[in-house]
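Residue numbers (this note's numbering), protein chains in the order written: chain Z, -17 to 256; chain X, -17 to 256.
Mixed in with the good hints, there may be bad ones.
Unchecked claim - Taking lysine-lysine pairs in the DSS-like style, the calculated list, with each CA pair at most 25 Å apart, reads:
| # | chain 1 | residue 1 | chain 2 | residue 2 |
| --- | --- | --- | --- | --- |
| 1 | X | Lys143 | X | Lys50 |
| 2 | Z | Lys63 | Z | Lys50 |
| 3 | Z | Lys123 | Z | Lys151 |
| 4 | X | Lys50 | X | Lys123 |
| 5 | Z | Lys151 | X | Lys167 |
| 6 | X | Lys243 | Z | Lys123 |
| 7 | X | Lys167 | X | Lys243 |
| 8 | Z | Lys151 | X | Lys243 |
| 9 | X | Lys123 | X | Lys151 |
In short, the hints are calculated from the structure, not lab data. Quick caveat: nothing in here was measured; it's all calculated off a predicted structure.
There are 2 protein chains.
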Amino acid sequence: MAYYGFLNGQILPADQLTIGTTDLGLLRGYGLFDYFRTYNGRPFQWDWYWGRFTNSAAMLHMSVPIQKEEAYRTVMTLLEKSGGADMAFRFVLTGGYSSDSISVQQPNLLIVAEELPAQQLIQYERGIKVILDEYVREMAKVKTTDYKRVILLATAIQAAKAQDVLYHKDGEISELSRSNFFLFKGNHLITPNRHILHGITRRTILHLAESDFQIEERPVLLSELYDADELFTTSTTKHVLPITQVGELTIADGLRGERTKYLQERFGELVGNW
Amino acid sequence: MAYYGFLNGQILPADQLTIGTTDLGLLRGYGLFDYFRTYNGRPFQWDWYWGRFTNSAAMLHMSVPIQKEEAYRTVMTLLEKSGGADMAFRFVLTGGYSSDSISVQQPNLLIVAEELPAQQLIQYERGIKVILDEYVREMAKVKTTDYKRVILLATAIQAAKAQDVLYHKDGEISELSRSNFFLFKGNHLITPNRHILHGITRRTILHLAESDFQIEERPVLLSELYDADELFTTSTTKHVLPITQVGELTIADGLRGERTKYLQERFGELVGNW
Chain Z
-17 MAYYGFLNGQ
-7 ILPADQLTIG
3 TTDLGLLRGY
13 GLFDYFRTYN
23 GRPFQWDWYW
33 GRFTNSAAML
43 HMSVPIQKEE
53 AYRTVMTLLE
63 KSGGADMAFR
73 FVLTGGYSSD
83 SISVQQPNLL
93 IVAEELPAQQ
103 LIQYERGIKV
113 ILDEYVREMA
123 KVKTTDYKRV
133 ILLATAIQAA
143 KAQDVLYHKD
153 GEISELSRSN
163 FFLFKGNHLI
173 TPNRHILHGI
183 TRRTILHLAE
193 SDFQIEERPV
203 LLSELYDADE
213 LFTTSTTKHV
223 LPITQVGELT
233 IADGLRGERT
243 KYLQERFGEL
253 VGNW
Chain X
-17 MAYYGFLNGQ
-7 ILPADQLTIG
3 TTDLGLLRGY
13 GLFDYFRTYN
23 GRPFQWDWYW
33 GRFTNSAAML
43 HMSVPIQKEE
53 AYRTVMTLLE
63 KSGGADMAFR
73 FVLTGGYSSD
83 SISVQQPNLL
93 IVAEELPAQQ
103 LIQYERGIKV
113 ILDEYVREMA
123 KVKTTDYKRV
133 ILLATAIQAA
143 KAQDVLYHKD
153 GEISELSRSN
163 FFLFKGNHLI
173 TPNRHILHGI
183 TRRTILHLAE
193 SDFQIEERPV
203 LLSELYDADE
213 LFTTSTTKHV
223 LPITQVGELT
233 IADGLRGERT
243 KYLQERFGEL
253 VGNW
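Just chain Z, same shape as in the assembly:
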């Protein structure tokens, strides 16, 4: 079964979709995207994802060329044509075709259905290792297409037997390359509030956690890693994934913590009933 995509109104199997070479996303990195998945055949937190996507577009001075309802219908059409099982959707908006290779004229909108990345279930029990990188994303609130930094680090991540990178700058932690960062200290659930992409799974977890834990959204210092009880990261595809090692530092006893496990279960219930 092929996955389907949509480009400016045209629907085709995704591997047959092509874009012209004067696109400003390609030539000038002028693009943004969003990415969400379905559970039980329904887009998860669609309203929030759509809101973030249109907000990213506004921050890059572009408007999304279709309305929310049409976007939703397109997603459902692609879902059906692609076989109907749970899958991911990528929305990409670029500066469009440009006659002078720099001026934005009419944005290009691409929507593609994609296979969900395979989960390595063992990581949800054992946790992952991340390495530190001193960096902060430009325009962190906007889901731009700029991922040069982590792609450049791919070899270093692999060499360290790590799974991702944790960005920090001026002693302050922001986020992983494609997911948000959380820290448990006792009953306090702490997460950075700036220099980050405001993740939808992050938001979902904050909702789920607020009745059981004390939430602190605030700048988080690198030094807080040393006496943290538990760390985890959240994203659309990672859900709630424990972090048990940061560089050479083992977090607490190096095992998934009970509170993280509790949130994994709450999240599992939420999406199971979606």
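Assemble chain X onto chain Z, guided by the hints.
Chain X in isolation, oriented as in the chain Z frame:
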């Protein structure tokens, strides 16, 4: 007459060339480029441009999939098919098609012939206005495709009746959005030596100027604008373009300076005899 392009071995009219939507340049901003022009039917400073392009590729951990000689032959083929008049060439190298939307597998190489941008001749006599922007390009030495910053500033540049932006950070000037910066103070020709793309026209001008002026390649302070005698910018398409206004500051008497005019003439002779 159509302009032609080359994508991974295929040659087509540029407006028929398309790229698949899993390209990492498009999806992840993982791309770099170079851009040069011909004079009298010959690529100007080809060796230097090719060297910079392959160097940019190495810094993004990619290798260019064709050799220099084949690239040159391709350029000459595209030149001939596109009508043979003087034109520009854009080389774009991206992370290629990616099955997981993040891992680099095999780079995509695009080479397109383009019409030279129209020159506004009056600007070469009167000079241009630029506005200041506090910013420094990430990986400034690499000609990446990331031009979000200046595209975002397009409205501000237009509102100020300016033509471009001059980047500075921590009191230090680096470059314009797509061209290098020079300052004359008396007989001293001064140009930033860091946080810049090492322009080929910049290098050419430094060669042309060294017998007549005292060259200083060094950090240049924003405060040096106040008593500068002349400013100009250089690039493949701008050649030697005077800057007579920076924001609300008029440089010297606001007219093109004699030394800048002298370098314009020397550059004109060089390319005329190319």
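Given the hinted pair Lys243/X and Lys123/Z, is their Cα-Cα distance within 25 Å?
Roughly 45 Å between the alpha carbons, so the hint for Lys243/X and Lys123/Z is violated.
For Lys167/X and Lys243/X, compute the direct alpha-carbon distance and say whether it is at most 25 Å.
Between Lys167/X and Lys243/X the Cα gap is close to 15 Å, so the pair holds against 25 Å.
Restraint check for Lys63/Z with Lys50/Z, where alpha carbons must lie at most 25 Å apart:
Since the Cα atoms of Lys63/Z and Lys50/Z sit roughly 20 Å apart, the hinted pair holds (cutoff 25 Å).
For the pair we were handed, Lys123/X and Lys151/X, check the Cα-Cα distance against 25 Å.
With Cα atoms ~16 Å apart, Lys123/X and Lys151/X stay inside 25 Å; holds.
So if I understand the rule, the pair passes when the alpha-carbon distance is 25 Å or less; does Lys143/X with Lys50/X pass?
42 Å, violated
Next pair to validate is Lys151/Z with Lys167/X; report whether the Cα-Cα distance is within 25 Å.
Judged against 25 Å, a Cα distance of about 38 Å means the pair is violated.
Between the alpha carbons of Lys151/Z and Lys243/X, is the straight-line distance 25 Å or under?
Distance ~45 Å between Lys151/Z and Lys243/X Cα, so the pair is violated.
With a cut-off of 25 Å on the C-alpha distance, tell me whether Lys123/Z and Lys151/Z pass.
16 Å, holds
Is Lys50/X close enough to Lys123/X, meaning Cα to Cα at most 25 Å?
Since the Cα atoms of Lys50/X and Lys123/X sit roughly 21 Å apart, the hinted pair holds (cutoff 25 Å).
Of the hints listed earlier, those the structure fails to meet are numbers 1, 5, 6 and 8, in rising order.
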